[in-house]
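*Asks:* As a plain string of letters, each chain reads:
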Amino acid sequence: MQLDANVPGGPIESKWDKHRFELKLVNPANKRKFTIIVVGTGLAGASASASLAELGYQVKTFCIQDSPRRAHSIAAQGGINAAKNYQNDGDSIRRLFYDTVKGGDFRSREANVYRLAQVSNTIIDQCVAQGVPFAREYGGLLANRSFGGAQVSRTFYARGQTGQQLLLGAYSALSRQVALKKVQLYTRRDMLDLVMADGKARGIVVRNLINGEIESYSADAVILATGGYGNVFYLSTNAMASNVSASFSAYKKGACFANPCFTQIHPTCIPVHGDYQSKLTLMSESLRNDGRVWVPKKPGDKRKPEDIPESERDYYLENKYPSFGNLVPRDVASRNAKEQCDQGKGVGETGYAVYLDFKDAIKRDGQDVIMRKYGNLFDMYQRITDDDPYKTAMMIYPASHYTMGGLWVDYNLMSTIEGLFVLGEANFSDHGANRLGASALMQGLADGYFIIPYTIGGYLAGTKLNAISTDHADFKSSESAVKSKIRTLLSTNGKRTANDFHRELGTIMWDYCGMARNNDGLKIALSKIQNLKGEFVENVKVSGIDKEFNQNLENAGRVSDFLSFGELMVEDALARQESCGGHFNEGFQTEENEARRDDENFSHVAAWAYQGEGKPPVLHKEPLSFENVKLSQRSYK
Amino acid sequence: MSTGDGMEKKINLTLKVWRQKGPDKKGKIETYRAEDISTDMSFLEMIDVVNEKLVLEGGDPISFDHDCREGICGMCGAVVNGRAHGPSKGTTLCQLHMRHFSDGDTVVIEPFRSRAFKLVKDLVVDRSAFDKIIQAGGYVSVNTGGVPDANAIPIPQEKADLAMDAAQCIGCGACVASCPNASAMLFVSAKVSQLALLPQGRAEAPTRVINMVKEMDNQLFGNCSNERECEAECPKSISIVNIARLNREFIKAGLLSNEK
Ligand SMILES: Cc1cc2nc3c(=O)[nH]c(=O)nc-3n(C[C@H](O)[C@H](O)[C@H](O)COP(=O)(O)OP(=O)(O)OC[C@H]3O[C@@H](n4cnc5c(N)ncnc54)[C@H](O)[C@@H]3O)c2cc1C
Ligand code: SF4
Ligand code: FES
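Chains as they are written, first to last, in numbering that gives the first Met the number 0: chain D, 0 to 636; chain B, 0 to 259.
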């Protein structure tokens with residue numbers, strides 16, 4: 000297979016303009032003749048659904064939760080980037096582009112990233128027009144803060160609930176289209192399969208989560224905006240229902256999966272405290288604007304943080320990276336926390352935590368100012384840990400948070416399956432091997448509001464599509480495959496719950512394919528996952544029946560896909576014999592223990608093509624060329 | 000984990016849980032033991048433990064809605080010992096921790112009940128009536144594209160803050176479940192207020208408030224009679240000042256429509 004990214008020619012600044020001009024248009028009167036399925040109502044799916052409906056397309060929108068407003072995007076805390084340069088501190092489209100490519104450790108596609116930076120500003124305009132209550136200065140203008148990996152202040156925020164406010168903005172636009180009957184909403188639906196006809200994506204098969212019925216829906220194009228797969232680690236900051244199943248079903252139908260081993264471990268999460276734990280809670284990276292990260296200099300120091308004098312503290316990020324200090328990118332911050340803990344300097348009961356201290360910030364700015372900026376995060380911390388971060392240093396540790404990998408897409412956001420588009424965290428496109436903070440919200444909304452409305456028109460106008468209904472044989476065979484998988488899960492009647500398998504998978508992934516990896520460990524992981532998969536087939540226990548509201552069955556299906564996907568992730572990590580961004584293979588590091596890339600051999604996107612159950616997937620490579628930024632060893636010193 | 004005085008403990012509880020197979024089936028309270036529960040667990044993690052055991056014993060695990068488990072998606076919620084989202088103020092069920100319970104406690108867990116929220120199963124209810132209310136006008140009518148620069152309209156910080164206070168509503172339905180009239184007034188007023196406070200939302204303010212209140216009635220929510228239970232139980236501490244603002248907007252809108 001030839002992977003063609005379809006990047007338009009010409010200088011990078013004018014590619015998107017040129018492309019929009021060259022894309023075929025669908026005549027306004029014809030738009031209503033096209034039906035588009037959108038799976039997902041996070042920032043990417045909700046914004047796409049609303050924008051496409053406004054243009055006149057018939058849209059069918061699906062989500063797992065009882066309301067589109069509850070998509071996982073709602074949980075994003077810190078902010079959203081844009082190159083507005085309102086602070087007059089030297090920001091520009093070019094700088095946002097550069098920071099993103101560099102932050103991604105030179106493993107993203109330049110043209111996509113440039114376009115993202117270009118549309119970033121209109122996103123803020125759009126959200127403000129919708130009534131998103133961003134934080135403001137006394138004069139009434141928008142406020143900004145800084146995030147990791149940037150030396151300018153370009154992050155817009157709504158207290159610690161930016162994702163919530165942006166999603167409610169997109170949800171309101173979507174609701175308006177539902178009221179206008181331009182969007183048909185299908186909530187509590189779980190996409191279980193992608194349906195193809197004549198080699199094109201033409202529909203989906205879902206399980207109605209209320210009554211368990213298997214339902215089919217057809218369309219002229221399908222958009223997946225189903226989020227990331229961070230829950231492959233079991234414990235993560237993702238919502239409980241976040242899954243890989245929708246993407247994985249597309250992968251099995253021929254969509255290549257790109258860079259699955261590029262996962263982000265976020266440095267500031269509340270540490271794990273017990274084996275009953277079901278998820279981890281993020282403490283927004285924005286805290287690193289004012290909090291200082293440190294560990295005691297002496298390993299095993301058990302004193303309370305406030306009793307450890309300045310001279311016995313190691314502010315290791317500030318010392319090691321004087322120019323970025325506490326605001327180094329996430330992968331760097333996470334790896335350094337792990338390193339400190341591995342040296343025995345970790346704190347807390349488990350020794351797997353470092354301090355994030357606001358003492359100096361409170362002294363400098365006063366408790367009021369800090370409360371204003373981070374109040375809800377401090378409250379959340381206190382509620383979970385029973386500690387008061389105004390009085391004592393917070394304890395944090397890295398956790399699985401975001402996945403840069405995802406379904407491969409070209410410049411039009413179309414996957415290797417014709418007519419299947421992928422938006423938001425579910426695609427691989429813009430963040431390379433590491434995403435900068437506040438850039439996921441930007442990407443999700445860029446994809447949904449400002450990119451797909453153009454590119455999908457080009458596809459629909461230029462493609463011959465036969466009429467199709469859900470009676471088509473391809474729908475019937477998908478339905479029966481889905482039903483048989485459900486029957487198998489329900490009839491296995493083994494001795495372990497799906498959740499128990501998931502937890503074990505998570506431990507394997509975290510230990511061998513987490514913040515640091517090595518070839519031996521990855522090989523061990525592969526055989527452990529294969530064994531676990533085998534055991535799952537024989538020994539899983541799922542309760543209840545198919546034709547009912549059955550959360551245990553829902554979860555078992557997701558775990559079964561995570562098991563298969565975990566294998567792919569490890570394969571990818573093994574194939575990439577270099578370190579870059581979030582993929583840190585201990586065999587490839589600089590003398591200063593930073594990731595050492597191998598640009599000669601690995602400056603490519605690894606796109607995996609499914610070959611059938613039990614057969615090894617085939618690796619296709621999309622070469623990456625850098626014409627607008629100079630490849631360099633990332634340095635944040 | 001904690002370095003404070005609340006060290007982790009293990010407790011045993013008796014749960015009395017509302018079980019109901021479906022909207023048209025009869026429901027009843029069933030009793031379960033929750034044993035060896037760490038006080039650092041969240042309430043939902045405690046139910047997870049009970050459910051894992053039920054699955055292995057071949058029973059039917061307790062259905063309950065949840066997703067983010069960090070107090071922001073609004074998916075979780077149940078009435079615990081008579082209080083929506085349990086005993087802690089300003090806290091969703093998922094953020095309620097077991098350190099607020101004592102060894103030997105009996106905990107009664109019931110769904111959010113209301114005429115407008117049909118029961119799905121056990122503790123799961125259908126809150127799509129909230130979506131219908133938003134569809135009736137909970138937005139600013141702008142299409143994607145063609146909007147002015149974000150800094151074109153300065154908004155006083157104070158106004159922006161008040162709008163944000165109202166915008167924090169997570170749509171969980173606790174206000175409805177705790178209201179003796181099953182009114183959705185707090186929920187509706189939060190959205191009406193957010194948009195009425197901002198210049199972007201002013202243009203449609205009169206029609207918005209009328210349409211949203213009308214839809215609230217259509218969806219079978221009751222009237223507000225100032226009981227203030229909603230405010231007390233709201234996990235996001237949405238203030239009933241918003242209801243007063245809604246009422247003012249409603250009167251203003253009525254006057255406007257009379258002028259025509
Ligand atoms: C705690 C936290 C904080 C974050 N903070 C920030 C931040 O400050 N700034 C930033 O830029 N990014 C942040 N991120 C990342 C960012 O929130 C996500 O990457 C982004 O919101 C993903 O949006 P999405 O639209 O792609 O998918 P999601 O919001 O994950 O939505 C997925 C949608 O797909 C649906 N879906 C999934 N699977 C199926 C299926 N099988 N069938 C049917 N429907 C399905 C779901 O119901 C949902 O509607 C944060 C992430 C986390 C976890
Ligand atoms: S007003 Fe409060 S209780 Fe009511 S839905 Fe909103 S957050 Fe929940
Ligand atoms: S599960 Fe999201 S608010 Fe409780």
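Check the hints yourself; a few may be wrong.
Among the chain B residues that face chain D by a calculated CB cut under 8 Å, a handful are [claimed, not checked]:
{"#": "1", "residue": "Ser62"}
{"#": "2", "residue": "Arg68"}
{"#": "3", "residue": "Ile71"}
{"#": "4", "residue": "Asp102"}
{"#": "5", "residue": "Asp104"}
{"#": "6", "residue": "Val106"}
{"#": "7", "residue": "Val107"}
{"#": "8", "residue": "Glu109"}
{"#": "9", "residue": "Pro147"}
{"#": "10", "residue": "Arg247"}
{"#": "11", "residue": "Phe249"}
{"#": "12", "residue": "Ile250"}
Listed next, the in silico DSS-like pairs over lysine-lysine satisfying Cα-Cα at most 30 Å (straight line) [as the list claims (entries may be wrong)]:
{"#": "13", "chain 1": "B", "residue 1": "Lys24", "chain 2": "D", "residue 2": "Lys482"}
{"#": "14", "chain 1": "B", "residue 1": "Lys15", "chain 2": "D", "residue 2": "Lys546"}
{"#": "15", "chain 1": "B", "residue 1": "Lys131", "chain 2": "D", "residue 2": "Lys484"}
{"#": "16", "chain 1": "D", "residue 1": "Lys344", "chain 2": "B", "residue 2": "Lys9"}
{"#": "17", "chain 1": "B", "residue 1": "Lys52", "chain 2": "D", "residue 2": "Lys532"}
{"#": "18", "chain 1": "D", "residue 1": "Lys344", "chain 2": "D", "residue 2": "Lys303"}
{"#": "19", "chain 1": "B", "residue 1": "Lys131", "chain 2": "D", "residue 2": "Lys32"}
Covered stretches of chain B, as calculated for chain D (at least 3 residues, CB under 8 Å) [as the list claims (entries may be wrong)]:
{"#": "20", "segment": "131-140"}
{"#": "21", "segment": "165-179"}
{"#": "22", "segment": "196-210"}
Because the hints were derived from the structure by calculation, they are not lab data.
Built from N, CA and C at the ideal position, the CB exists for glycine as well.
*Asks:* Could you work out which of the previously given hints the structure breaks and list their numbers from low to high?
*Replies:* Structure breaks hints 4, 5, 6, 7, 8, 10, 11, 12, 15.
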